[in-house]
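The primary structure of each chain is shown beneath.
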Amino acid sequence: MSRIDDILTQLETISRNPRAQLDACLAAGKKAVGVMPYFCPEELVYAAGMQPFGLWGADMVCDQSRRYYPAFICSILHSVLELGITGKLAGLSAIMIPFSCDSLKGMATNWEVSVKDIPVINVAYAQNRKIDAGTEFTASQLRKIRGQLAEIAGREITDADIAAAVEVYNADRAAIIAFADAAGKHPKLVPAAKRSAVIKAGFFMDRAEHAKLLTELAELLAAEPGDRGYIRVVTTGILADSPALLEIFEENRICIAADQIAAESVDARTQTPVTEDPIIGMAERYGKLEGCSILFDPGKQRGKELVELAKQAGAEGIIWVMTKFCDPEEYDFVPVKRMADAAGIRVLSLEVDRQMVNYEQIRSAVQAFAEMC
Amino acid sequence: MEEKKSAKVILRELQDKIAQDVWDAKNRGEKIGWCASNFPQEITTAMGIQVTYPENMGAAVGAKGGGQRMCEYAEGMGYSNDLCSYSRINFAYADLKECAEQEIPMPDFLLCCNNICNCMMKWYENLALELDIPLLMIDIPHLDKYTCDEDRIRYIRAQFDDCVRQLEEITGKKMDWDHFREVMDVSQRSSRAWLRAIASMSATPSPFSGFDIFNNMAVACVGRGTVAAAEAFEALADEYEELAAKGETTFKGEEKHRILFEGIACWANLRFTYKALQSRGINLTASVYGPAFSFLYQNMDELMAAYAYVPNSNCFERELEMRVKDAIAHKVDGAVFHMNRSCKNWSGNLYELERRFREETGVPTVMFDGDQSDPRVFSEAQYETRVEALAEIMDERKRAKEAQA
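Residue numbers (the working numbering), protein chains in the order written: chain A, 1 to 373; chain B, 374 to 778.
A portion of the hints provided could be inaccurate.
To be verified - Stretches of chain B that chain A covers, calculated by requiring three or more beta carbons in the stretch to come under 8 Å of a beta carbon on chain A:
hint, segment
1, 515-529
2, 574-582
3, 721-734
To be verified - To give an idea of the interface, some chain A residues facing chain B are shown, with a C-beta separation under 8 Å as derived from the structure:
hint, residue
4, Gln64
5, Gly91
6, Gly154
7, Thr158
8, Ser293
9, Pro298
10, Lys300
11, Gln301
12, Lys304
13, Asp327
14, Glu330
15, Val334
These are calculated hints, taken from the structure and not from any lab test. Even for Gly, the Cβ is constructed at its ideal location relative to N, Cα and C.
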């Protein structure tokens, strides 16, 4: 097995069995804190010497969660709640839940009444995030969360701890971008499902280790000749980790040349500025983030960024992986698609859901798209 | 001698005048805005800036039968039928610039506030891009505690001041802070009168049909900073109190049962939802619309906090308390919960809200599926069956109570 395969397998194993990661972490005497989408301050968990544990849900049938959320709330939230209620997340010391979208606003209450042994840390940040008052508000909330995490960790979180965590996260973000770029040139070595798994593994492991592996992987890939004969696309959306979906991409020789997926490169694209007070740097980063529908984005920078990404990547099209019942995405779709249309870039929208079992409609749509490219 | 107008007529005329004032301002060449329903109206009222409310238009279009047509048009533009029907109606109108049921002047700027929901933010982003006009947003972060903290108040205040500066630039009108304080006082007067009118529902029988709240909320929403609105609500409260004192009511038929109606009205099915209740002698005597458009404060900081306490912006315990207090004060025998397909913010905790409400008040509840302005989601049969079930339980309880007495 080549070193490339070795790293890919290692990261795939982690991303396919997060519970094993959590168990290993707990067995080593380390506390873990659940981190829900979007843009929660993972660095503070890391700075407290605890393991951040990403919670983007799972492909599963939800039953218990339906006592709390109606059917028209996205399956990311349904499945996270289902995992919590059914004890699959036992061992977490807390869960960070932001108010980023209307569906998430109900999550903390639904969690508190149904999963009583894992306390909630609410995460509020400013949506008017480019003004000083917005940065100050976000910083005030980060300080509050720092205090809550310190209590859970049973230790102080110093500025130096946070600065060190920021450094680790910045390195991992750079490594994700470098890897995604390299994977975009090597779809045979790193097909869509493996690409997704490599990035996703970061939610469940030490980010320093993740960064090290991804940096090595990117360097190894750079030494390999690029693969030809693939249809290059940019993906956009919230989440694109469905194995069935990614298999369809592979069947149709689709190469993800770049992504604007919230659970993949969106967060990684923005580094945290190094500031004297590291909390301020973290709050400032929030103001610089772009490319996600849950952010206040009056000029639709997301659309501009997407078109630019597609051009830079030499993409033949954009695949919008639309998370069912995600209203921020559904709002963005119309103007952003228009921007892509104006730039002459074709867009294919695929509605996906974590509870989906039949992908035949998606298969047909992707086949038709591939034939047009 | 001219006959004294009823408060109902005064409010209807005032609503028409408020709508006409915006058209007149537009025709005079003034800059006018589209505004979110829970944006701090004190700003625009004090600056003499005319704004109109797409959410109110969405309700009116729904009530007049145009909801489905406009929603379908927006869906043809690419908008998912998963989205808020008010926003779909508004996107259709922004594109068509005409609507048989109701029209509003096209805006020169947008005023957004996300205390009511985050979808407002995405909706107005799209409008700003589509219409190529400025978007001013006051972000009110969801409350994680019972009370609004200093950090939030400071942040809201900074945006408030920033918004005033931007509006001065856009419209050329200056803020007169003395007048602003007067508007604050008048808004308090309106809010107190509105709450007094609502409080009269605690009388038995309630002096009016609770569905009238839905008819009056437009003025409570948009005009409460004006003396005319304050006077109209005072007249309304006086009328209701007078009726209550005499033991009279405008509710048609005997008031056998009293309920809390949770959620936005199904505007497209307003008559049906009303008749199914009224025909069984069920009157609506509690609704979150009472506190929704009454903002009580003593100073600027409290004003900022008041806009964080609007329904759906609060922590769950405060949301629950609002309903339970209202239900107890207005002596309800049951409750009807509307699972509104348009509103994820309102629906996300609705099952838990219903359970806790039932536990804390001890009254029976039912829930139905509907939508604020898209009639395709509402099923008459389901609503009828649920209301029937509730009526039977309330009848049974009433009989048991009377037998015990």
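Hint check:
no., hint, result
1, 515-529, "holds (count 6)"
2, 574-582, "violated (count 0)"
3, 721-734, "holds (count 5)"
4, Gln64, "12 Å, violated"
5, Gly91, "24 Å, violated"
6, Gly154, "23 Å, violated"
7, Thr158, "22 Å, violated"
8, Ser293, "7 Å, holds"
9, Pro298, "5 Å, holds"
10, Lys300, "6 Å, holds"
11, Gln301, "10 Å, violated"
12, Lys304, "11 Å, violated"
13, Asp327, "5 Å, holds"
14, Glu330, "4 Å, holds"
15, Val334, "4 Å, holds"
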